[in-house]
Amino acid sequence: MPLRNKIRPDAPTDRPSPQSRSNSARSRTLPVAALSSWGAARLALTAFFAVDGLLFAAWVVRIPDIRNQVSASHGALGLALLCVSAGAVATMPVVSRLCLRYGSRPITVASLALLAVAVPLPAHTHSVPALGGVLLLFGAGYGGANVAMNSAAVEIVSELGRPVMPSFHAGYSLGGLLGAGAGGLLAGTLTAAQWLAAAGLLGLAVTALAGAALLRSPAAHPVGTASAASSSSSSSSSAGGTAAGAGRLLVLLLGLTALCTAYGEGAIADWTTVHLTDDVHADAQVAAAGYVAYALAMTTGRIGGTWLSERLGQHRVMLLGGFTAAAGMLLAALAPVVPLALAGFVLVGLGLANLFPLAIAQAGAVGGPRGVALASTLGYGGMLIGPPVIGFLADATSLPLALTTVAVAATVAALLPLAVRRH
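Numbered by the working numbering, the letters in the sequence shown go through residues 370 to 792 in order.
Be a bit skeptical, because a hint or two may be false.
Said to hold, decoys possible - Pair by pair, the computed Cβ-Cβ distance ranges are: (1) 530 <-> 444: 31 to 37 Å; (2) 712 <-> 463: 39 to 45 Å; (3) 554 <-> 676: 30 to 36 Å; (4) 584 <-> 558: 26 to 32 Å; (5) 685 <-> 574: 19 to 25 Å; (6) 585 <-> 470: 19 to 25 Å; (7) 692 <-> 618: 22 to 28 Å; (8) 530 <-> 654: 32 to 38 Å; (9) 558 <-> 493: 16 to 22 Å; (10) 560 <-> 442: 30 to 36 Å; (11) 681 <-> 788: 37 to 43 Å; (12) 770 <-> 486: 33 to 39 Å; (13) 486 <-> 787: 41 to 47 Å; (14) 499 <-> 650: 35 to 41 Å.
These aren't lab readings, by the way, just hints derived from the structure by calculation. The beta carbon of each residue, even a glycine, is placed where N, CA and C say it ideally should be.
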């Protein structure tokens, strides 16, 4: 079912809040200005997604250098990466409450600034505990930024009435592609410290410019606010309670879909270069090209995500995408030569491209900001637990075998939308 059919204005029986009445009045009196400002907000938010992807990729392509710098085994590196998860998981619930209180846009700006400041720090560590400490801060900025950005994006999706969420995530993938490509090309020229410092400065510059545009734009009406209040006021009604319970279950299923998808994204982001270097015996530039191939495929898939969703339906896109990603991951993990491994990563990128953004968008349509927060927390939790889990499994078995768990997660992500559709 296209997202435009799921995101609708609050029912006439709901009592609009003063904020929604003022926003509606402003839209009626200044339609042209509102349309222009929404265009600026969408472009600015896309820039935030892009710089988020760029900063994350800037870190990803230098993980082998940082690993050697701190003399970490697979398991020790997995523990350090677990600190990213800890920082993000601790921050995400706080950020969701801040978004509800102050609005998602200023929190987006603050979180991206924190992430840009944290990116250069891993290059200045010389032990696993020190690396884990700075990755806590990195995780806080990364997790907070993604909850805030997705909350802001769902509001814009609601205003436009079209399933454009994949376009925002295409910005993230494009940023990741640029960050990985530039990082690979400059791997032999710039040290890890120089590269990460340059990425952090670029992140701060984009945050300042895009943040000014985003904050100047009229704020969007949070999705589901009025309906949530209506559900709360009628909680004594058994029908209202049943509907609320079904809504929570639906958001949970969508969050689990995001978790399984993001598990694969996080594992590929942090272990692709290590896998290609250690197991397929590629050099540093070719190893970086593996992540570039994955990011390029994901960007392409997300650019076409809105078109595909409107023609095939969101659930069908998610089902086909999950199975494609599973097949691609098996090829990438078990291929003995670089060309086959790269082809596998391309299939993974195409398959995973729209699973996460469509799951987050549908959760926002059902549960409003709290639905976005829950699904985003589960989703990015999956992204952040994936790398350490892969690390522990790699020490216990082998890295290629550990990476096949991504195929299992992608299969689950393909099947969960069937349960969502029944609800």
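Hints versus structure:
no.	hint	verdict
1	530 <-> 444: 31 to 37 Å	49 Å, violated
2	712 <-> 463: 39 to 45 Å	41 Å, holds
3	554 <-> 676: 30 to 36 Å	31 Å, holds
4	584 <-> 558: 26 to 32 Å	36 Å, violated
5	685 <-> 574: 19 to 25 Å	41 Å, violated
6	585 <-> 470: 19 to 25 Å	21 Å, holds
7	692 <-> 618: 22 to 28 Å	24 Å, holds
8	530 <-> 654: 32 to 38 Å	44 Å, violated
9	558 <-> 493: 16 to 22 Å	19 Å, holds
10	560 <-> 442: 30 to 36 Å	23 Å, violated
11	681 <-> 788: 37 to 43 Å	19 Å, violated
12	770 <-> 486: 33 to 39 Å	37 Å, holds
13	486 <-> 787: 41 to 47 Å	43 Å, holds
14	499 <-> 650: 35 to 41 Å	30 Å, violated
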